[in-house]
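Trainee: Mind docking chain B on chain A? Use the hints.
In order, the protein sequences belong to chains A and B.
Note that UniProt numbering has the first sequence beginning at 1, numbered continuously upward.
Note that UniProt numbering has the second sequence beginning at 1, numbered continuously upward.
Hints may be right or wrong, so weigh each one.
[Claimed, not checked] In silico DMTMM-like cross-links for lysine to aspartate or glutamate, where the CA-CA straight-line distance does not exceed 20 Å:
#1 B:Lys59 with A:Glu78
#2 A:Lys100 with B:Glu143
#3 A:Lys99 with B:Asp32
#4 A:Lys31 with B:Glu34
#5 A:Lys99 with B:Glu143
#6 B:Lys112 with A:Asp112
#7 B:Lys59 with A:Asp98
#8 A:Lys27 with B:Asp150
#9 A:Lys114 with B:Glu92
#10 B:Lys205 with A:Asp23
#11 A:Lys100 with B:Glu87
#12 B:Lys59 with A:Asp112
#13 A:Lys100 with B:Glu34
#14 A:Lys100 with B:Asp115
#15 A:Lys100 with B:Glu36
#16 A:Lys99 with B:Glu36
#17 A:Lys99 with B:Glu34
To be clear, the hints were calculated from the coordinates, so they are not data collected in a lab.
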Amino acid sequence: MMKTLLLLACTVFVSGFTLKGTDAMHKTVLKELVTELEAVLVNPPKETKAKEEIFLVDLGKKGSGLKCEHDYFCQAEEEMVKKVSGLSGVKFDPFRTDKKLMRNLNTYNHQDEKNCKKEIRSHAADEDLEEITLDVFLKDLLKCVKNINSQKSPRPS
Amino acid sequence: MSSSLFLYQIILTLVCQALCDDPIKDFNCFNDYEAEMTCSFSSESLRNCSGYNMNVTQKLAYEINRYSCVFEGSHHNAICECKIEVEGFITEEIFSTTLLKGTKVLLQRDFKTIDYIKPKTPVLFVKKTENGNFHVTWVDSYEQRNVFTDNLFITLTYRIKGEIETNSTKVANTVGFCDIVGSLLQPKTEYILTAKMSSNYNGQKIYSDQSAAVHFTTGL
Numbered sequence: 001m002m003k004t005l006l007l008l009a010c011t012v013f014v015s016g017f018t019l020k021g022t023d024a025m026h027k028t029v030l031k032e033l034v035t036e037l038e039a040v041l042v043n044p045p046k047e048t049k050a051k052e053e054i055f056l057v058d059l060g061k062k063g064s065g066l067k068c069e070h071d072y073f074c075q076a077e078e079e080m081v082k083k084v085s086g087l088s089g090v091k092f093d094p095f096r097t098d099k100k101l102m103r104n105l106n107t108y109n110h111q112d113e114k115n116c117k118k119e120i121r122s123h124a125a126d127e128d129l130e131e132i133t134l135d136v137f138l139k140d141l142l143k144c145v146k147n148i149n150s151q152k153s154p155r156p157s
Numbered sequence: 001m002s003s004s005l006f007l008y009q010i011i012l013t014l015v016c017q018a019l020c021d022d023p024i025k026d027f028n029c030f031n032d033y034e035a036e037m038t039c040s041f042s043s044e045s046l047r048n049c050s051g052y053n054m055n056v057t058q059k060l061a062y063e064i065n066r067y068s069c070v071f072e073g074s075h076h077n078a079i080c081e082c083k084i085e086v087e088g089f090i091t092e093e094i095f096s097t098t099l100l101k102g103t104k105v106l107l108q109r110d111f112k113t114i115d116y117i118k119p120k121t122p123v124l125f126v127k128k129t130e131n132g133n134f135h136v137t138w139v140d141s142y143e144q145r146n147v148f149t150d151n152l153f154i155t156l157t158y159r160i161k162g163e164i165e166t167n168s169t170k171v172a173n174t175v176g177f178c179d180i181v182g183s184l185l186q187p188k189t190e191y192i193l194t195a196k197m198s199s200n201y202n203g204q205k206i207y208s209d210q211s212a213a214v215h216f217t218t219g220l
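Chain B on its own, in the form it takes in the complex:
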């Protein structure tokens, strides 16, 4: 009896593996408009990313580029990620992606470059000035200055350490700095500052990952 039950369990598991695929959620591909496109997805019962791979076709003016990559788990839970290196991006070009598990096609989707620009994560620096203000500068991590970097914006967000309420300000990347006025802050208080970048190319609808936090402390 128990061996029959065990056999039924094995059969059910095998059948389910073949037919009962967990739906792939949030499959998306973003590009940094420099050299990298990153695709990722999640799944409710994703234990690991093995077996998942992707084929990408990029139709250029006179040729077709083909890429493939194998998904790996990211540091986030239950998310699989895959990166391809691209030789420069053009706004209107389309990447046709096919997500596979083994040889089984799970989904196919097109991504137009301009709609999926996700800028690189900025790196922040803050320096206290003589008059008690805080001079914030950043690096956008792009190798060259060009039309694209001229159309980036940085959103700076700061809050008192341990508190939830935040203050934000958006600055054009070309400005290069932002001064936080010390007299408008609480004295002898530690603040945490973070930032995200967005691009005018797609109406700033996609933000970069959040930068590493920098801390600064106000005076008397």
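Okay, chain A solo, but in the shape it has when bound:
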């Protein structure tokens, strides 16, 4: 009985440390995402060569608003890869898939062995999707990243 209790206490102790370490890693990725998004928003690219605005799907209008859940971040990554990452021009360099913004977003989406593909497919059939400018899209994304980051912060005593 004593051995079982000791083993249980040890497991709880170790798992506590593991969770703390995982949370710290999540926070690091989120904080870096905040830095990269803020850097891009200071001087957002507004036009392509054809002087057209860049529009992305308004992910916040799906369902009941901007929920900042895992599927939102997955869809945000997919939208950016599809509509921004491949655009030519130096101003779109921060959105390339080999740059830190997209790499961090991908890392966040795949932490804890999560997978995006299933969640994206569930929205593939949506029609009549509303669109927003890249600038607004990025601000929504930043809002969500900050929201999640504040949820993972320790509460003040």
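Mentor: Only chain B this time, still in chain A's reference frame:
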């Protein structure tokens, strides 16, 4: 007889070169979380680093980057070193390394970025103030201020020149300075100050190389 012995020695040397590889020790790769990853190893009977090279694969979200480099001797004895330039680091990304001698694979190892951050070596400055204290400042040598640099810590260590006993203090990089109180030091004495940096990203478990020493002398 002597020619036979000589022949046996040649054969033995050739066989040993093929089969009796000295074990590679301490193969490790550290990154500065800015643009550089440095790998190194030592070997007991390492005479030079020629022939040793390394292939590195970095699996990004949507592509794979491949690097290679040739080892060279560092200023330390019996250590071979190799550096690659990387376009920015992400905490969870993994670098898969293959150490080769010629075309022979000696070992393969994965390095997760966050676990092998070794910050850049700081540069120290010290200035005596009017009240007899010593105002220490430093440069962390990183080009940009960001979350990473905000999570660096500097460990300042000072001792009397010629003595072994040291005093250390750890300061957050964001503070930017540390004042050593002159009245707590021995008068008319020369001190030596050095520093190392560590990162909160990996629980400060890996320190940078030690900075160049700066000297300061106390008054009466």
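Trainee: Hey, Lys112 of chain B versus Asp112 of chain A, does the alpha-carbon distance stay inside 20 Å?
Mentor: 15 Å, holds
Trainee: Verify the proposed pairing of Lys99 of chain A with Glu34 of chain B, using a straight-line Cα cut of 20 Å.
Mentor: 13 Å, holds
Trainee: Holds or violated: Lys99 of chain A and Asp32 of chain B, Cα atoms, limit 20 Å.
Mentor: 17 Å, holds
Trainee: Does Lys59 of chain B pair with Asp112 of chain A here, judged by a C-alpha cut-off of 20 Å?
Mentor: 18 Å, holds
Trainee: Quickly compare the C-alpha distance for Lys27 of chain A and Asp150 of chain B to 20 Å and report which way the hint goes.
Mentor: 14 Å, holds
Trainee: CA of Lys99 of chain A to CA of Glu36 of chain B, is that 20 Å or under?
Mentor: 16 Å, holds
Trainee: Given the proposed pairing of Lys100 of chain A with Glu143 of chain B, does the C-alpha separation stay at or below 20 Å?
Mentor: Judged against 20 Å, a Cα distance of about 16 Å means the pair holds.
Trainee: Are the Cα positions of Lys59 of chain B and Glu78 of chain A separated by 20 Å at most?
Mentor: Given that 20 Å is the threshold and the Cα spacing comes to 19 Å, the pair holds.
Trainee: Does Glu92 of chain B lie within 20 Å of Lys114 of chain A when you go C-alpha to C-alpha?
Mentor: Roughly 14 Å between the alpha carbons, so the hint for Lys114 of chain A and Glu92 of chain B holds.
Trainee: Does the structure keep Lys59 of chain B and Asp98 of chain A at a Cα separation of 20 Å or less?
Mentor: It holds: about 10 Å lies between the C-alpha atoms, which stays within 20 Å.
Trainee: Is Lys100 of chain A within 20 Å of Asp115 of chain B, Cα to Cα?
Mentor: Holds. Lys100 of chain A to Asp115 of chain B sits at ~18 Å (cutoff 20 Å).
Trainee: CA of Lys99 of chain A to CA of Glu143 of chain B, is that 20 Å or under?
Mentor: Holds, at roughly 17 Å.
Violation of the numbered hints given earlier is absent; every hint is satisfied by the structure.
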